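Peer 1: Start from chain A and add chain B according to the hints.
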Amino acid sequence: MSASPESAQPILSCTNIRVGFDRPVLGPLDLRLGRGEKMVLTGPNGAGKSLLLRCLIGKARVFSGQVQRSPRTKTCLLAQEHPRPALWPLNGHDWFRALGARVPGDSSVRTLLSRRLDRLSGGQWQLLRLAAVLHTSADILLLDEPANHLDAEVRDSALGLLQSLPPNTALLMTSHDAQFLAGTGFPEVPLADLL
Amino acid sequence: MNSDPWWSVPFAGGLAVTLMLAFAGAGLFLRGSVWQALAVGQWAALGGVVAATVTLPVVPVAVSLAGAVMILLHRIRDRERWPLALFLAGLALVTLLSANLPQANLAAARWAEGQVYFLDRELLWTIVSVTVASLLLAPLLVRIWLSAQASPDVGLRSTHRGGFVVLEAAWWVGVLVLGTAALGLPAALAALLLPAWGAASVARGLSGFLALSLLLGTTVFMLGWFSALHLDQPFAPVFVTWALIIAAVPRATLFLVDSWKSNGSRKRQIDQRTGDRRS
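Chains A and B are the protein sequences, given in the same order. Quick note, the first sequence lines up with residues 1 to 195 if you use the numbering used here. Quick note, the second sequence lines up with residues 1 to 279 if you use the numbering used here.
In short, the hints are calculated from the structure, not lab data. In this text the structure is predicted, and so the values were computed from the model without any measurement. Wrong hints could be hidden among the right ones.
[As the list claims (entries may be wrong)] Keeping only pairs whose Cα atoms sit at most 20 Å apart, straight-line, the calculated SDA-like set for lysine to any residue is:
1) A:K74 / B:L156
2) B:K261 / A:L120
3) B:K261 / A:R115
4) A:K59 / B:I144
5) A:K74 / A:P166
6) B:K261 / B:V249
7) A:K74 / B:I144
8) A:K59 / A:L31
9) B:K261 / B:Q272
10) A:K74 / B:S151
11) A:K74 / B:R157
12) A:K59 / A:T73
13) A:K74 / B:A148
14) A:K59 / B:R157
15) A:K74 / A:V62
16) A:K59 / B:H74
17) A:K59 / A:P24
18) B:K261 / A:D118
19) A:K59 / B:R77
Only chain B is shown next, with the shape it has when bound in the complex:
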């Protein structure tokens, strides 16, 4: 890390991955495929642990396993039990590997804790490539997610060609694998699920939803980055804690505004009744 005293490589890589995950999370929220993300993320982590154990390149192995799970899940109608079962299977395999092999134990700890501060230039370039691809694909992805909302109605844009489905699935896998490799599994899942969840409660439309998801994701990363550094704590759990807090802010604000409005209207009704009785 001496050649990078300002930690610019891990900072840039971590922020880019967080933004991609927050964007992907918005799509995941619209698609309603939260369980799939759990399973695919866990198998990406398993791929990373296996690759580190047998000294293979991490990203290709993680992409292969995560991709295989994604293909399997696309073929299965049960969108809750099967992903959960696969998530548990992946978790069990990681635990068994790390219990029996010292090298796997180290890798599993790295994927669980999130070693974003040790993100190297090689992974950064992969992240930059996928970020550029994501920027180019974003308009198409948004259109696919939006047109998927129409179902069971069928509009003029409701048709999904097979090529688009494969492209979207490949992009999901790529982002999730990179997110898991860079931030650790818990932080990657938190970046995927929580900013979009927080944004969904207050956004007034699709553009606002996407923008707010990205803004919340950025805020979480900044807070997680500096507080984990300052407190000398593992990145992933600190990131998850901030993600929970930040995602709760819009929901809590909305709750307070709604309560204030309903109290106001109740007070007006009581005042009106009191006025009617007096007159």
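Extracted from the complex, chain A is given alone in its bound form:
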């Protein structure tokens, strides 16, 4: 399911980076992600996993060190939480357009497309968000706790979507959900090992 780092072409590499918002709070750390490589970052709450993902998408500051990407690499992020406005006149099709994603064939997702986003359950909303990010043509996907809010009804669909990712798409994911992680089959890398 996941390519080994040794065999994969490097698509992203971080060397000795220190990251944070107002000041550096994580690092120095090194990370190398091969083309098509799938990896799960683990570590306790507050260790800096989400910060690292935000830094890789340009939403947090790199104070020192180097982040290098292959030319024309496209990166997408599924944030840990996406609070919905109480009144939100958008439907699933709009959401896929907002992310520049193509509509998936998966029936569990297609049934949600015509519904308003503010009337989906928490699990359905998370599944829709995950499906949209996974159906962009990004070369690197950053998923921050994708198993959040997934109930039994949509969990298998989410795992199915993850497992059907194109082999060339690299993925860096965080999760505390051991059962979900086991379902993905992606190798786990403790954040502490990168420091």
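Peer 2: Frame of chain A, contents of chain B only:
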């Protein structure tokens, strides 16, 4: 007005401005920047009052002041208190000017009451220009508003280039200034906020939301136009009253449908329980 017995100039200008405001209001609703509109609209009105007092062209002065407030608000993180404070400051300045200068008093009354029936050809041409620009910009604006919804997720279209941000902000200011100049501040704010609010409760997607906002805006303008004329009342308060009523219709309909559905399902549950006991 003798050269225009059918009031076609103010009617066309007022309707075009209302449609632009309703469209802008849909974007404002998606952006969640309601407070900004209050502040920018009030400072546009202040610019209009100042320009009328010192006999300068109204639109450039109003655009300058409203634009300065928009730039300031873009640089501030607090999206509620600062816009409200600026709105109050603008209101205080208009009140002080109108209390001390007779010319400002007349202008302030005009901007508050909304003198759409006296909209002249000069302002109409400015409105036509901005309407054409809005039609050309609409697809881009919709794409910007839609991609902004993705945050904090980041998709392939989630990046915002600085040029687009400036373009969008300039368009907001232009529409709001024209709306305030043509309809008066209360009516401009009502056209901006209320049709989109009403549409948001029932629309099933972005296209429907935009279309319904425009339809509600048009309905409000028609009702406001004819009833203010017929009753010989100032346009802005009549327009605001209709906007409140029309915006409430979709919300009230939705409430009634939801209540009817929940009553129906409760009745079915009771019937089922009664049937279970009997059997």
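Peer 1: Evaluate each hint against the coordinates.
Peer 2: Hints versus structure:
A distance of roughly 7 Å separates the Cα atoms of A:K74 and B:L156; the hinted pair therefore holds under the 20 Å criterion. With a C-alpha separation of about 18 Å, the suggested pair B:K261 and A:L120 falls inside the 20 Å cut-off, and the hint holds. Under the criterion of a C-alpha separation no larger than 20 Å, the hint pairing B:K261 with A:R115 is consistent with the structure, at around 18 Å. Of the supplied pair hints, the one linking A:K59 and B:I144 holds, its CA atoms being roughly 19 Å apart against a limit of 20 Å.
Restraint check for A:K74 and A:P166: satisfied, since their Cα atoms lie roughly 14 Å apart, inside the 20 Å limit. The straight-line distance between the Cα atoms of B:K261 and B:V249 is roughly 18 Å, inside the 20 Å bound, and the hint therefore holds. Simply put, A:K74 and B:I144 have alpha-carbon atoms about 19 Å apart, close enough for the 20 Å limit, and the pair holds. A distance of roughly 18 Å separates the Cα atoms of A:K59 and A:L31; the hinted pair therefore holds under the 20 Å criterion.
Between the alpha carbons of B:K261 and B:Q272 the distance comes to roughly 16 Å, so the proposed pair stays at or under 20 Å and holds. Distance check on the hinted pair: A:K74 and B:S151 sit about 17 Å apart at the alpha-carbon level, within 20 Å; holds. Restraint check for A:K74 and B:R157: satisfied, since their Cα atoms lie roughly 11 Å apart, inside the 20 Å limit. The straight-line distance between the Cα atoms of A:K59 and A:T73 is roughly 17 Å, inside the 20 Å bound, and the hint therefore holds.
As the CA atoms of A:K74 and B:A148 are separated by approximately 18 Å, the hinted pair is consistent with the 20 Å bound. Between the alpha carbons of A:K59 and B:R157 the distance comes to roughly 15 Å, so the proposed pair stays at or under 20 Å and holds. Between A:K74 and A:V62, the direct Cα distance comes to roughly 19 Å. Compliance with the 20 Å bound is thereby established for this hinted pair. Annotation: proposed proximity of A:K59 to B:H74 holds, straight-line Cα distance about 18 Å (limit 20 Å).
Distance hint between A:K59 and A:P24 is fulfilled; the C-alpha atoms sit about 14 Å from each other, no more than 20 Å. For the given pair, B:K261 sits about 19 Å from A:D118 by alpha-carbon distance, which is consistent with the 20 Å threshold. In summary, the hint linking A:K59 to B:R77 is supported, as the alpha carbons are separated by about 16 Å, within the 20 Å threshold.
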